[in-house]
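So for the sequence shown, my numbering puts the first residue at 1; every next one is plus one.
Just so you know, the hints here were simulated from the structure itself, not pulled from any lab data. Possibly wrong hints are sitting among the right ones.
Restraint ranges, calculated between C-beta atoms of paired labels, are given here [to be verified]:
1. 71 x 34: 17 to 27 Å
2. 48 x 89: 44 to 54 Å
3. 87 x 54: 30 to 40 Å
4. 81 x 58: 39 to 49 Å
5. 86 x 42: 17 to 27 Å
6. 48 x 81: 31 to 41 Å
7. 89 x 42: 16 to 26 Å
8. 94 x 56: 44 to 54 Å
9. 63 x 89: 39 to 49 Å
10. 55 x 88: 13 to 23 Å
11. 59 x 92: 19 to 29 Å
12. 44 x 67: 13 to 23 Å
13. 35 x 92: 36 to 46 Å
No more than 20 Å apart at the CA atoms, straight line, and that leaves these computed lysine to any residue pairs for SDA-like [stated by the list, open to error]:
14. 84 x 35
15. 84 x 55
16. 84 x 74
17. 84 x 68
18. 84 x 41
19. 84 x 39
20. 84 x 95
21. 84 x 72
22. 84 x 34
23. 84 x 42
24. 84 x 36
25. 84 x 73
26. 84 x 66
27. 84 x 37
C-beta: ideal position from N, C-alpha, C; glycine also.
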Amino acid sequence: LPTSAFQWPWGRKVKNAKVAEAVGACRAAVWARRPGIEISTEADLLLASIVLRLGLRMGVLSPSAEDAFDSFAHFTRQQVNLQKEVDLLRQVRSA
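Please construct the entire structure, taking both the sequences and the accompanying hints into account.
Below is the structure:
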């Protein structure tokens, strides 16, 4: 396991790592996305939902766990959907 939150499991540190440089640029935020991440995320959320429902039926989990999961699923879907960032980038480019 990594000894730091900023270290890859194979030992490559990513803190302060330079991804790309441009003349006159100070810093940039870059979103890198794995191909097919939406499908993988939805499959994981579906599986977690099934496990949650089973836990609720068996009485192992309280009903508040369902609300917490729904909030988590909503947040996760928002993070995977980069449409807001695309719209913002278009606004910046058109200005």
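Residue 84 and residue 42: Cα distance at most 20 Å? Cα-Cα ~19 Å, so holds.
When you take the CB atoms of residue 35 and residue 92, is the distance between them in 36 to 46 Å? The hinted range 36 to 46 Å is violated for residue 35 and residue 92, with Cβ atoms some 26 Å apart.
Indicate whether the distance between the beta carbons of residue 94 and residue 56 respects the range 44 to 54 Å. About 48 Å separates the Cβ atoms of residue 94 and residue 56, which means 44 to 54 Å holds.
Pairwise hint evaluation, residue 36 against residue 84, where the allowed Cα distance is 20 Å at most: Between residue 84 and residue 36 the Cα gap is close to 19 Å, so the pair holds against 20 Å.
If you draw a straight line from the CA of residue 84 to the CA of residue 55, is it 20 Å or shorter? violated (35 Å)
Taking 16 to 26 Å as the hint, is the beta-carbon distance of residue 89 and residue 42 inside that range? holds (25 Å)
Is the straight-line distance between the alpha-carbon of residue 84 and that of residue 66 20 Å or less? Outside the cut-off at roughly 27 Å; violated.
Against the 20 Å threshold, does the CA-CA distance of residue 84 and residue 68 hold or violate the hint? violated (24 Å)
Quick check: does the Cβ-Cβ distance between residue 71 and residue 34 fall within 17 to 27 Å? Check passed, 24 Å falls within 17 to 27 Å.
Does 44 to 54 Å hold as the CB distance between residue 48 and residue 89, or does it fail? The hinted range 44 to 54 Å is violated for residue 48 and residue 89, with Cβ atoms some 31 Å apart.
Honestly, do residue 44 and residue 67 meet the 13 to 23 Å range at C-beta? holds (19 Å)
Distance restraint evaluation - residue 81, residue 58, Cβ atoms, bounds 39 to 49 Å: violated (33 Å)
In terms of the numbered hints stated before, the structure departs from hints 2, 4, 6, 10, 11, 13, 15, 17, 26, listed from lowest to highest.
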